Amino acid sequence: MAKHLGKLLVKKVANVGPKVPARTRFAPSPTGFLHLGSMRTAIYNYLLARSTGGQFLLRLEDTDQRRLVKGAEDNIYRSLEWAGIEWDEGPLVGGPYGPYRQSDRAEIYKQYTARLLESRQAYRCFCSKERLNDLAESARHMYPPSTASYDRKCSHISKEESDDRAARGEPFIVRFKSPETFEPFVDLLHGELTINPQINQENIRYDDFTLVKSDGLPTYHMANVVDDHQMKISHVIRGEEWLPSTPKHIALYKALGWNEPSFVHIPLLTSSGGKKLSKRRSDQGILDFATEVLPEAFLNFVALLGWSPMRKNIGNKVSEVMTRDQIIKQFSLDHLTKGNVQVDMSKLHYFDQVHFKEQLKLPAKREQLVQGCCNAMKKAEFDVSQEETARMLDVLSKHVVGFQDFVDKVTVLLSEPARDSKPTVLDIEIIKAAIEKLQLSSAPMVDASEAKEVLALPFEKKHIFQSLRLGLLGSVAGSSIAEALQILPRNTSIKRLETAICT
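Per my numbering, the sequence shown starts with residue 1031, numbered consecutively.
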């Protein structure tokens, strides 16, 4: 659990699943490409909304303009779309509570900031950066140290003086006047929590967090509270790292006279060694998975990173391989885990194999599989058309278990075989007979029967397979000769066989 937590009261919340439709949101910052942890947050919010018949919103938190990354916003859209996460309200689709981009909501935040200033629940702070840095440094060196650093110097400035200094253009930020102790709150996963800053009683500082920055834009604390209230969000599912901020947000809700949503803070994702997972898994973004695995397998994998389906009877096994509809039907907040979750990528590839095999049986999924295989081939720098890819997938469908497996198998067939010397088991008469049959037509082989016709030679079957496999692929063991004949262009097969007997 996050650091700096106060007293944890052992008071488990049971049956937390909402009885009414939930309104949830995913609010990423376009400051980088979407990573696994963020996608899990999006998926859990999506699943809760869908499983309760509610709505799922997308909102862009782009108030930190200096950190925006070119292409990051588009990456968010494409990553969600690839994973099949459709939003009911948000950018590109609109909705009744827009705009859904925080940089377009500046006037809304100003309205509520003014309300807090008027009620003296917030105040302008004119302290210089140097003074604030000195306060933070001194707080760290107290014994015991104080995690709150501000001394409330500017909270004593009169409203008239504050307004006048602001009107004259003096730089300031707006601080929330926090209570000296925050009230306990309920997290639907962790139970009742009390989280307060550590204070040195001999030199009291205050956790008066910033609401509005010196550039006039709101901080995350201010913007997300206002937005969640205005957009009628009922449940906030987010990472455990936001637990220490939650009492601040609840205090802000109360100051504005609003009811807070229900909070669910999901655990950290860790590597197999137990360390916090790198945000971008060695710089791999979500869309990089698109050339590796099926979106259904990815959704299945990510959904189980902290959630498990209900077991009707203790001891009974439950299949973890699920379709999107099955996950939505079974998803419940009651079955989330509290502890950190280790990410085992081998499980993703297992799910992908199972989903791939199942989808090969479904004509409606053929186009998606062909497109995925084609993309994987292009990533591997093969220049193949979608039509060629479809033909190769049809040939290899009995053996292929994923996009990379498809690329690996095709690579073996398309790669020029290595030939050091003429093998002793290669029968030249068999090779010549096969060449004669291949030369009867110039059209590609469209089905296995044509390949079988080429293989119907008046020789012992074992010798036919050995010689043709050596001639076409350069090895005695390996891929099916019938499949190789169907995938390789006729002229390529002829050329390889001619080369084999001339070596």
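None of these hints come from the bench; they were simulated from the model.
Misleading hints may appear alongside valid ones.
[As the list claims (entries may be wrong)] List time: in silico DSBU-like cross-link candidates among lysine-lysine, alpha-carbon distance up to 35 Å:
| hint | residue 1 | residue 2 |
| --- | --- | --- |
| 1 | Lys1409 | Lys1428 |
| 2 | Lys1049 | Lys1100 |
| 3 | Lys1100 | Lys1189 |
| 4 | Lys1306 | Lys1183 |
| 5 | Lys1428 | Lys1306 |
| 6 | Lys1525 | Lys1409 |
| 7 | Lys1049 | Lys1159 |
| 8 | Lys1409 | Lys1100 |
| 9 | Lys1278 | Lys1391 |
[Said to hold, decoys possible] If you anchor each label on the Cβ, the simulated ranges turn out as follows:
| hint | residue 1 | residue 2 | range |
| --- | --- | --- | --- |
| 10 | Lys1408 | Pro1519 | 18 to 28 Å |
| 11 | Leu1286 | Lys1409 | 12 to 22 Å |
| 12 | Gly1114 | Met1375 | 41 to 51 Å |
Keep in mind that this is a model prediction, so the values were computed, not measured.
Just so it is clear, CB atoms sit at the ideal spot from N, CA and C, and this is done for glycine as well.
Hint check:
Restraint check: the Cα-Cα separation between Lys1409 and Lys1428 comes to about 23 Å, which is no more than 35 Å; the hinted pair holds. Distance check on the hinted pair: Lys1049 and Lys1100 sit about 41 Å apart at the alpha-carbon level, beyond 35 Å; violated. Under the criterion of a C-alpha separation no larger than 35 Å, the hint pairing Lys1100 with Lys1189 is inconsistent with the structure, at around 41 Å. Restraint check for Lys1306 and Lys1183: not satisfied, since their Cα atoms lie roughly 38 Å apart, outside the 35 Å limit.
For the suggested pair Lys1428 and Lys1306, the alpha carbons sit about 39 Å apart, so the restraint of at most 35 Å is broken. About 27 Å separates the Cα atoms of Lys1525 and Lys1409, which keeps this hinted pair within 35 Å; it holds. Using a Cα cut-off of 35 Å, the hinted pair Lys1049 and Lys1159 is violated, with the two alpha carbons roughly 48 Å apart. As the CA atoms of Lys1409 and Lys1100 are separated by approximately 23 Å, the hinted pair is consistent with the 35 Å bound.
About 53 Å separates the Cα atoms of Lys1278 and Lys1391, which puts this hinted pair outside 35 Å; it is violated. In this structure, Lys1408 and Pro1519 meet the distance hint of 18 to 28 Å, their C-beta atoms being roughly 19 Å apart. Between Leu1286 and Lys1409 the C-beta distance comes to about 50 Å, which lies outside the given range of 12 to 22 Å. Between Gly1114 and Met1375 the CB atoms are about 20 Å apart, so this pair departs from the stated range of 41 to 51 Å.
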